[in-house]
Amino acid sequence: MKPVYLASDNIISSLGFNTDENARAITQGQTGIKLHNDARLAPVPFWASVSDHDRLSQGFSQYADPSHYSLFEQLVISSVKDALSKTGIVVQSERTLFILSTTKGNIDVLDPDNAFHNDPSRMYLWNTARLIQNFFKLFHTPVVVSNACISGVLAVLIGARMIRTGKFDHVVVTGADLVTEFVLSGFNSFLSLCEGPCKPFDKNRTGLSLGEAAGTIVLTADRKLTGKDELQVRNGFSSNDANHISGPSRTGEGLYIVIKKVLEPDRNVDYISAHGTATPYNDEMESIALSRAGLSAVPVNSFKGYWGHTLGAAGIIEIVAGMYSMRNNILFKTLGYAEPGTSQPISVIDHNTKSPVNTFLKIASGFGGSNASLVITK
Amino acid sequence: MSRMNFHISDYCLIRHQKIFRKGELLFTGTEQKPVPFFTEAYKHFGINYPKFYKMDSLCKLGLLASEIILQAKDMPCRGEDIGIILYNAASSADTDRVHQRSISDRETYFPSPSIFVYTLPNIVIGEICIRQKIFGESTFFISEKFDPHSLYEYVSQLLEENVMECCLTGWLECEGDNYDGALFMVEKCTTIEDGIVNFDEEKIKEIYSQ
Numbered sequence: 293m294k295p296v297y298l299a300s301d302n303i304i305s306s307l308g309f310n311t312d313e314n315a316r317a318i319t320q321g322q323t324g325i326k327l328h329n330d331a332r333l334a335p336v337p338f339w340a341s342v343s344d345h346d347r348l349s350q351g352f353s354q355y356a357d358p359s360h361y362s363l364f365e366q367l368v369i370s371s372v373k374d375a376l377s378k379t380g381i382v383v384q385s386e387r388t389l390f391i392l393s394t395t396k397g398n399i400d401v402l403d404p405d406n407a408f409h410n411d412p413s414r415m416y417l418w419n420t421a422r423l424i425q426n427f428f429k430l431f432h433t434p435v436v437v438s439n440a441c442i443s444g445v446l447a448v449l450i451g452a453r454m455i456r457t458g459k460f461d462h463v464v465v466t467g468a469d470l471v472t473e474f475v476l477s478g479f480n481s482f483l484s485l486c487e488g489p490c491k492p493f494d495k496n497r498t499g500l501s502l503g504e505a506a507g508t509i510v511l512t513a514d515r516k517l518t519g520k521d522e523l524q525v526r527n528g529f530s531s532n533d534a535n536h537i538s539g540p541s542r543t544g545e546g547l548y549i550v551i552k553k554v555l556e557p558d559r560n561v562d563y564i565s566a567h568g569t570a571t572p573y574n575d576e577m578e579s580i581a582l583s584r585a586g587l588s589a590v591p592v593n594s595f596k597g598y599w600g601h602t603l604g605a606a607g608i609i610e611i612v613a614g615m616y617s618m619r620n621n622i623l624f625k626t627l628g629y630a631e632p633g634t635s636q637p638i639s640v641i642d643h644n645t646k647s648p649v650n651t652f653l654k655i656a657s658g659f660g661g662s663n664a665s666l667v668i669t670k
Numbered sequence: 098m099s100r101m102n103f104h105i106s107d108y109c110l111i112r113h114q115k116i117f118r119k120g121e122l123l124f125t126g127t128e129q130k131p132v133p134f135f136t137e138a139y140k141h142f143g144i145n146y147p148k149f150y151k152m153d154s155l156c157k158l159g160l161l162a163s164e165i166i167l168q169a170k171d172m173p174c175r176g177e178d179i180g181i182i183l184y185n186a187a188s189s190a191d192t193d194r195v196h197q198r199s200i201s202d203r204e205t206y207f208p209s210p211s212i213f214v215y216t217l218p219n220i221v222i223g224e225i226c227i228r229q230k231i232f233g234e235s236t237f238f239i240s241e242k243f244d245p246h247s248l249y250e251y252v253s254q255l256l257e258e259n260v261m262e263c264c265l266t267g268w269l270e271c272e273g274d275n276y277d278g279a280l281f282m283v284e285k286c287t288t289i290e291d292g293i294v295n296f297d298e299e300k301i302k303e304i305y306s307q
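Line by line, the protein sequences are chains A and B.
Per our numbering, residue 293 is the first one in the first sequence, and the count goes up by one each step.
Per our numbering, residue 98 is the first one in the second sequence, and the count goes up by one each step.
Where hints are given, some of them may not hold.
Unchecked claim - DSS-like mimics (lysine-lysine), calculated; alpha carbons at most 25 Å apart, straight line:
hint, chain 1, residue 1, chain 2, residue 2
1, B, 242, A, 429
2, A, 552, B, 285
3, A, 294, B, 242
4, A, 459, B, 230
5, A, 459, B, 300
6, A, 553, B, 119
7, B, 302, B, 285
8, B, 242, B, 140
9, A, 459, B, 242
No lab work stands behind these hints: they were computed from the structure.
For clarity, every value in this text was computed on a predicted model and none was experimentally measured.
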């Protein structure tokens, strides 16, 4: 199969505006999940991870007038700009494709208090894709993937497939989602939010923390554009549990299928980045699927304790963090985890560890019974 | 690049109070609004799946279309090998607005999990998978219009790379009083039966424009 290399990346979150800033904060064990008291977003104080909006619009003003772009659009454009600044890729070319991963995009414009509320077309994701196309003067309209919490992992997988068609030299994959009243109230009605920062895989986990972020991964067919480690996207799959629209399968069926499909007989997995939302059901299901797939002994972590659950950005920023682990041979601890809390034993990373990572498995699961896997190798 | 040959073994169109399968008009409804029409059709086809009533309009449309294709025949391949690749323009806009209304006013603030869960377009994929026992790869894409070119290229690639053996694919749009469903079953079948047509961009365009 034609190799797909990783050329560049970015993360914008509560922990920083590029990959290095985020990695530094994670290395130091910082969480971006804070208590917020904002009546515009929720009737009571809530815990969430939110990026610095002043810094965002200040940085954005070097590209365009921030008052003409929504928060979501600023996040996406700023993330792409930073990732591209490290490459010489010509984005206007017919051979460059953009993919946007998001669950809700500009959903906050439905709120009558939003500055863009009077432009109802702003809500449509195809319109966001057009706006990005116009901003960067792209040849192709960006492809939009909206597949709940696996959107990010799927988008990278689809991007790798697009490179393999031979029609594209580079694919820029960006994911983003906001912390909005819309999403907060919804997860709250599900009773899935926890007090304080979430505790993935921990015995005392009670739910998830929401997060706002954007992340970008630039995929390329050009080996010269990748770093000395020559990271490559190998393969990935998605599958449906066919079990429940809002709860994971008790047997981890779909996740087990995508892990089983992506494993190669002669290649050991060195590290797994789990979805690890810290809801009782999700983490339990992941332990079952990993155990069924014979991966109980492989070091596994969740980044949700640092950034919260960033929905359409989650898969992308967590893959970026995993790639950082591969390049720097460091495995990050699962922030918030203290005691084993799943029925099947798995090897949750509980302190930062120096260890070579040649094969990295990313997994994700989400509403609608969706599951995805992706393997990246050195 | 030359493509392997795949076939459209079945297809269903749902629009303007009418339901067609393989070009044949199966049902004409009397209701104009989407949900009453979908419910009328659900009853007409004798589908027995009470969960239908709990679904939002997009899921009702998707469930109907998939049911009409799959009701009358055996699954073309194992559940693990069937994929679902869907597109629309409005995502879950109808339900998004319902959820927004439930939180807009502090006096009547009452978000509901049974509504919120439908504020994702891929829930219709989940509903179809549960009903039909489909475990394969699935993706929901958003595009401004039905785009036979992208659909053809991507589904062909998934079949060629053996990600799936057959694919339920198409356009499912439902927003306000408008709805438009066009679902295709694409297979790598070896036996040529009556009514099987080649899977190519022109054919999809032709069927969709009927």
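Against the structure, the hints:
1. Of the supplied pair hints, the one linking residue 242 of chain B and residue 429 of chain A holds, its CA atoms being roughly 20 Å apart against a limit of 25 Å.
2. Distance hint between residue 552 of chain A and residue 285 of chain B is fulfilled; the C-alpha atoms sit about 23 Å from each other, no more than 25 Å.
3. A C-alpha spacing of about 31 Å is found between residue 294 of chain A and residue 242 of chain B, which places the hinted pair above 25 Å, so the restraint is violated.
4. The hinted pair formed by residue 459 of chain A and residue 230 of chain B fails the criterion: a straight-line CA distance of about 35 Å is larger than 25 Å.
5. At roughly 23 Å between alpha-carbon atoms, residue 459 of chain A and residue 300 of chain B fall within 25 Å of each other, so this suggested pair holds.
6. For the proposed pair residue 553 of chain A and residue 119 of chain B, the alpha carbon gap of about 34 Å is over 25 Å, so the pair is violated.
7. Only pairs whose Cα atoms come within 25 Å are accepted, and residue 302 of chain B paired with residue 285 of chain B is accepted, the gap being roughly 20 Å.
8. Restraint check for residue 242 of chain B and residue 140 of chain B: the C-alpha separation of about 30 Å exceeds 25 Å, so the hint is violated.
9. Straight-line distance between C-alpha atoms of residue 459 of chain A and residue 242 of chain B comes to about 22 Å, which keeps the hinted pair within the 25 Å bound.
Violated hints, listed in ascending order, are 3, 4, 6, 8; each of the other numbered hints is respected by the structure.
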